[in-house]
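Construct the entire structure; sequences and hints are all you get.
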Amino acid sequence: MSGKGDTASHQSTTRSCEYCRTRKVRCDTQRPSCGSCFRQNRKCVYVFQPRKARPTLAMLEELRTENARLCAMIQRMGGMRSPDAGSNVADALQADDSQSLIQQQQRQQQVSHPASGELEVASSVIGEVQPSASQNQADSGGISHELFDSTDRSNDASMPGEARTNEGGPATVESTPDVSPYLWTDEKGKVNAFGPSSALQSRPNTARQEDRVVSVHMQNALLANAVISRQNEHKLRELVSLDGVPIDLAIHLLDLHWNRQHHTFLLTYRPAIMRDILRGGRFASKLLINAIFACASKFSQRAAVMDDPQNPSTAGGRFFRRCDELMEEKQLLLTPSIPTIAGLLLLGSSYIAKGSTSKGWMLTGSALRMIFDLGLHLDHKITDENAEEVEMYRRVFWGAFICDKLQSLYLGRPVGIRLRDAYVSHELNDHLEENELWAPYIDPSIPEDRLRLGSAPQGLIYSVSYFQQICLLFKIVDRIIDIFYVVGATPAEAQASLKGIDNALEKWEADLPGFIRLDPISATLEGGRIPAPNMLALHILYHAVIILLHRPLVAEGHLNWATTVPATSWKRCSVAARNITSLAIAYQSRYTLRAAPYLIAYGLYVASTIHVRNTAAAPNPTGDHSVLLAWSLRCLRDLSVPNPGVSHLTSIIEKLMVTKGVEIAADPTSGPEAAPNAASEHIAGLHCEYASAVRFDSGVQSTSLSIGEAEFDWSNWHESFEDDVLFGFMGWQSYQLGDSAPQPMGGTTSCLDPFESPVMQ
1 MSGKGDTASH QSTTRSCEYC RTRKVRCDTQ RPSCGSCFRQ NRKCVYVFQP
51 RKARPTLAML EELRTENARL CAMIQRMGGM RSPDAGSNVA DALQADDSQS
101 LIQQQQRQQQ VSHPASGELE VASSVIGEVQ PSASQNQADS GGISHELFDS
151 TDRSNDASMP GEARTNEGGP ATVESTPDVS PYLWTDEKGK VNAFGPSSAL
201 QSRPNTARQE DRVVSVHMQN ALLANAVISR QNEHKLRELV SLDGVPIDLA
251 IHLLDLHWNR QHHTFLLTYR PAIMRDILRG GRFASKLLIN AIFACASKFS
301 QRAAVMDDPQ NPSTAGGRFF RRCDELMEEK QLLLTPSIPT IAGLLLLGSS
351 YIAKGSTSKG WMLTGSALRM IFDLGLHLDH KITDENAEEV EMYRRVFWGA
401 FICDKLQSLY LGRPVGIRLR DAYVSHELND HLEENELWAP YIDPSIPEDR
451 LRLGSAPQGL IYSVSYFQQI CLLFKIVDRI IDIFYVVGAT PAEAQASLKG
501 IDNALEKWEA DLPGFIRLDP ISATLEGGRI PAPNMLALHI LYHAVIILLH
551 RPLVAEGHLN WATTVPATSW KRCSVAARNI TSLAIAYQSR YTLRAAPYLI
601 AYGLYVASTI HVRNTAAAPN PTGDHSVLLA WSLRCLRDLS VPNPGVSHLT
651 SIIEKLMVTK GVEIAADPTS GPEAAPNAAS EHIAGLHCEY ASAVRFDSGV
701 QSTSLSIGEA EFDWSNWHES FEDDVLFGFM GWQSYQLGDS APQPMGGTTS
751 CLDPFESPVM Q
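For the sequence shown, the UniProt record's numbering gives the first residue as 1, with consecutive numbering after it.
FYI, nobody ran anything at the bench for these hints, they're computed from the structure. Using N, Cα and C, we set each Cβ at its ideal position, and we do this for glycine too. Some hints could be false.
What the hints assert, rightly or not - For each label pair, taking beta carbons as the anchor points, the in silico distance ranges come out as:
| hint | residue 1 | residue 2 | range |
| --- | --- | --- | --- |
| 1 | N620 | A492 | 35 to 41 angstroms |
| 2 | R594 | E506 | 32 to 38 angstroms |
| 3 | A492 | E663 | 36 to 42 angstroms |
| 4 | N220 | R42 | 57 to 63 angstroms |
| 5 | Q310 | E385 | 51 to 57 angstroms |
| 6 | E663 | I446 | 36 to 42 angstroms |
| 7 | Q310 | R369 | 38 to 44 angstroms |
| 8 | P309 | K381 | 48 to 54 angstroms |
| 9 | R594 | R529 | 20 to 26 angstroms |
| 10 | N220 | A555 | 49 to 55 angstroms |
| 11 | E238 | R369 | 35 to 41 angstroms |
| 12 | Q301 | Q331 | 31 to 37 angstroms |
So this is what it looks like as C-alpha cells:
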C-alpha cells in the first residue's frame, strides 16, 4: 500500500524530466530515461519537489492592501517638487506603518512575500529622488553635516536646492523638475534614467564605507612619491629654459608659487607637476607653467618679470600674453584636461585681482565647464593605479569650488558649482605638506629680503588641515549666498535661517584643531604666536563671513525686520571687523602684505564698511574706530601693489567716508602707532572691551546699543548699503588690465628645454 502510494505521489508531482521541463517540451516520463533523452543519448534526470503551499485568502488580501498602499505612495512621489518632499513621505510612511512592517516581517518567515521586494524598490526610488544634504555630504567623503545643524531646527534653512519652510513666511522652493516620470528600476531595484540619451543623470551610487577608507600603504605610497619628487627638483637647474624662460627666473617664480599662492587653495599638485616638467608628462603643460609664472610674477621684485620696471602692475605681462597665444594656437578651450583647468583657474583669479573682471570671469567659467565635462564633480574610487590622479581631481575640484564662490562674491554673479552637485571628498591622502616647516621666501638676488624677513622657519604649514577647513567654510558661504544674496531672497527666509547658519559658523570655529585655532587678541601682541600666512588668511575670511551673514539684516529695505533692527547683528559685525583689522596688522608686521592673496583685501574691505559707520557714529572722531579704519586703509593700499584691483575697494571706502563725513589721518604712521608692531599692541588693548563672545539671539530687541564709542539710535535707523555692497562690488568694472594683444616672444630656445617636447603643450 505504501509503495503504491509513493509511486502515485511521484507521478503526480513529477510529470517530466529536468531537460524537458527546461525546454518546455512534452516528456513521456519513461524511466529510467525518457524517450527524448534516450534518443539523444543524454542523461535523464528527474527532480522530485514537494508541492508548494498555496497562499491563503487572508494572505492574498494583505498583499492587495499592501499593493494599494505602495501605489498611493508612488502617486504622491509623482507630485513631489523638491527633494525634501521625498523625505517627508518616507518619514510619514515609516511612522504611520511601523506596525504593518512588523507584521510583514513575520509573514516573510512563513512564505515569500512579493510586496517586500516592491517596498525595497519604492524605498530606493525615494532615496534616489531625494538628493538631501546629508547624502551629499556622505558622497563627498564624510563631510560633517553637523555644521548645518542647530538647536532650533525649525528656524534652520535647508541646503541649496531643498525646500525651505519658514515659520515667518511661506515656503520657497527652488524650481526643480519632477524627476519621477524619468526613472525606472531594474530587476535588482537599481534606479536608472531613461536610456543613454536621457538628460537626467542617475545619482551617483553612495560609496561603500570600506571604499572610503584608503589603505595605509596607499597613503604611504603617495607620501613616498612626493618625497622622491621633491628630492629630484634640483635637476631643474640642469635645464637651460622652460618654454623660453631662463631657468633661473623660472625656478624663482616656481619657488614663489609653492611658497605662497599654492597654499591658498592647493589647486596645483606639486609632485606631479614638478616631475612632469622634467619628464615631459601630461600634468605639466605649457599653459599651466606659464599661468604659474604669470600669477607668481606679482609677488616678485625682479625687473625681468615686468613690462615696465617702474610699474609693478605690469608684472607677468609676457606670461599672460604667452597663455593667450597657447590657448589660441592649441585650441585648449576645446580640449579639457587637468592642467588646462588648473591653469585657467589660476589665470581667472589673477585677472580678477588685476581688475580684469570680464576676462577672469570667462576663463574661470570655462574651467568650471571642463570640470563637469571630465566628471571631476564625481568621486572616484581610489586604487593603486589611480591614487595620484584622484588626489589631483580632489584638489582641482575643491579649489575650483572655492574660486567660484569668491568670484561670485566679488562680481555678484551666480555660482557655477552648486553644493548639491558636489560628490567629491575633500579628504587628501598626500600629507607631506601638512607637517612641512614654512619660512618666508627670500629672493637670493635681493639680500635685503633676508634682513627684512629672516630665514628661520616660522612653524608648520598645516596645508592639508587648512584645505579641509576652508572647504567646510565655503560650504557655509555657498549657503549664505543662496539664502541672503540671490535674487528672490526674502526677509522671512533670511531671518529664519540666521540662527542656524550662525550656529554653523560658531561650530566651525569651535571644531577647529588646536593648532589651527587662533585668538585675534593674542595674535596682535608682541611675542604672541603668529601662524603661517594661510592660517591668518583663513581666520580673516571667517570673520568676513560673519559680516557677510549679519550685515544684510541691518540694511534699510533689504532683509531687516519691519519694526526693529537686530542690534546684536551689528555688534557681531563690529567685533568681526575689529578682528579682521587686527589679523591683517599681524600679517603686515610679520610677513608684509606684499605677497598676500586678494581674499585678504576682501576681508579688509568688508571690515572697513563697518569701521566707517562706527567712526561716523562715535562722538570722538579720532577714537578707536578711527584707528581701525586708518590701518585698514593702509593695509588695502599695501595690497594694491600686487593686486591692482584692490584700488577700487579703497576708492569705495574713501567715497563712503566722504558721504558719512568721516575724516581721518591720511596715514596712521603719523600717530603714535606708527609701526605695525606698535599698532598691534594698541589695537590689542581695544579688544578688552570685546573679549567676551557675542552670541546671536533673535529675541534681543534694543532701541539703543553702545559699541565702544559708537552709539546708534536704532529706532530711527535708516542706513543704506548701496554704495558699499558686499556682494558684487566689482561687478561694474569693464576695464581690462593686462589684456593687450599677444606679442611674439623673443629669444631662442634650447634643446635642454623640456617644453620643446611635442607632448608638452
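Taking the hints in turn, this is what the structure says about them:
| no. | hint | verdict |
| --- | --- | --- |
| 1 | N620 x A492: 35 to 41 angstroms | 39 angstroms, holds |
| 2 | R594 x E506: 32 to 38 angstroms | 33 angstroms, holds |
| 3 | A492 x E663: 36 to 42 angstroms | 40 angstroms, holds |
| 4 | N220 x R42: 57 to 63 angstroms | 58 angstroms, holds |
| 5 | Q310 x E385: 51 to 57 angstroms | 52 angstroms, holds |
| 6 | E663 x I446: 36 to 42 angstroms | 38 angstroms, holds |
| 7 | Q310 x R369: 38 to 44 angstroms | 39 angstroms, holds |
| 8 | P309 x K381: 48 to 54 angstroms | 52 angstroms, holds |
| 9 | R594 x R529: 20 to 26 angstroms | 22 angstroms, holds |
| 10 | N220 x A555: 49 to 55 angstroms | 53 angstroms, holds |
| 11 | E238 x R369: 35 to 41 angstroms | 39 angstroms, holds |
| 12 | Q301 x Q331: 31 to 37 angstroms | 36 angstroms, holds |
The structure agrees with every numbered hint stated previously.
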